[in-house]
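Protein chains in written order, with the numbering used here: chain A, -1 to 107; chain B, 2 to 114.
Possibly wrong hints are sitting among the right ones.
Unchecked claim - Selected chain B positions facing chain A (Cβ under 10 Å, derived; list incomplete): (1) Gln15; (2) Met16; (3) Tyr36; (4) Ser49; (5) Asn52; (6) Lys53; (7) Phe65.
As the list claims (entries may be wrong) - Per the computed footprint, the stretches of chain A lying under chain B, defined by three or more beta-carbons under 8 Å from a beta-carbon of chain B, are: (8) 13 to 23; (9) 65 to 79; (10) 97 to 103.
Just so you know, the hints here were simulated from the structure itself, not pulled from any lab data. Here the structure is a predicted model, which is why all the values come from computation and not from measurement. The beta-carbon is built from N, C-alpha and C at its ideal position, and this holds for glycine as well.
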Amino acid sequence: KNEVEQSPQNLTAQEGEFITINCSYSVGISALHWLQQHPGGGIVSLFMLSSGKKKHGRLIATINIQEKHSSLHITASHPRDSAVYICAVVQGGSEKLVFGKGTKLTVNP
Amino acid sequence: DTAVSQTPKYLVTQMGNDKSIKCEQNLGHDTMYWYKQDSKKFLKIMFSYNNKELIINETVPNRFSPKSPDKAHLNLHINSLELGDSAVYFCASSQQQVAYEQYFGPGTRLTVT
C-alpha cells in the first residue's frame, strides 16, 4: 500500500461543477504539496501547506493533520483545469517527498 | 527567462550507452532534485542536493550519478543504460529544503531501445 493515497483516480466533470480531490497519508508529515501536471507533461506547484487552508483563485486546499487528510477543491471548473493533480507529502524527519499516484481530472465543456 | 531548464528534452539511445541530462535553475535556490516518472506516471524522488551537498540518495542503481558543479546546476549521468531506465526525468529546485515550494523543469523523456 502506498504511503499516500489519492481518490478518485479518475474524475470527469462538466464545466462549472465543484470538484474535490482527496489525499490520505499514513506517515507523519511536516508539509503537503499539491501539484498539477498538464497534459503536455509540465508540473506546476499549486500549494504547499502544513495546516489549515489556502486559497488561490478558484482553487482551495485544506489539510487536517490529525486525520492525515487533505483535499483540493476547484470551484466553477473549466476545461483548462483538465490535468493530473498530484498530492505529495514531506515525511517528518526526512527531506523526502513521497508522491500519490495522481488524480486525472477531465472537465468537459 | 525559464526558471528551471533541462537539456535535452528528448533522448533516445541504445542499451549499454552512457548519457547525461543537464539541469540549471536561475532562481537562486539552494536545493535541487531529480525525480523519475515511470510509464504509469508515478513520480519518485531520486536525489536531492542542498548547496552542492548530497542530501537524499534514494534506492537508485549506482549507474545513476548526480553531479552538482555549483548550486545552480545539477546534472544526472547514467551509465550502461537499460530498458527499464526509460522514463521522464524531472529536475526541480526549491528555496531551501523540501518543505518549500518546488519549481519543476520541463522534463527529459529518455527512451532506451
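Checklist entry - Can we keep the B:Lys53 interface hint, with Cβ of chain A closer than 10 Å? => result Violated - the Cβ of B:Lys53 stays beyond 10 Å from chain A, reaching only about 15 Å at its closest.
Item to check | Restraint satisfaction for B:Tyr36 [CB to CB of chain A, less than 10 Å] | outcome: holds (8 Å)
Checklist entry - Holds or violated: is there a CB of chain A closer than 10 Å to the CB of B:Asn52? => result violated (13 Å)
Item to check | Within 8 Å of chain B's CB atoms, at least three CB atoms from the stretch 65 to 79 of chain A: coverage verdict | outcome: violated (count 0)
Next on the checklist: Closer than 8 Å Cβ to Cβ for three or more residues is the test here. Does the stretch 13 to 23 of chain A pass it with chain B?
Outcome noted: Check failed, 0 qualifying residues.
Checklist entry - For the hint on B:Ser49, does the least C-beta distance to chain A fall short of 10 Å? => result holds (6 Å)
Checklist entry - Is the interface hint for B:Met16 satisfied, with its Cβ closer than 10 Å to some Cβ of chain A? => result With a closest approach of 24 Å, the B:Met16 hint is violated.
Checklist entry - Given B:Phe65 as an interface hint, is the shortest Cβ-Cβ distance to chain A below 10 Å? => result violated (17 Å)
Checklist entry - Against chain A, with CB atoms and a cut of 10 Å, does the hint on B:Gln15 hold up? => result It is violated, given that the least Cβ distance between B:Gln15 and chain A is near 24 Å, above 10 Å.
Next on the checklist: Verify this for me: three or more residues of the stretch 97 to 103 of chain A with a beta carbon less than 8 Å from a beta carbon of chain B.
Outcome noted: holds (count 3)
Violated hints, in rising order: 1, 2, 5, 6, 7, 8 and 9; the structure is consistent with all others.
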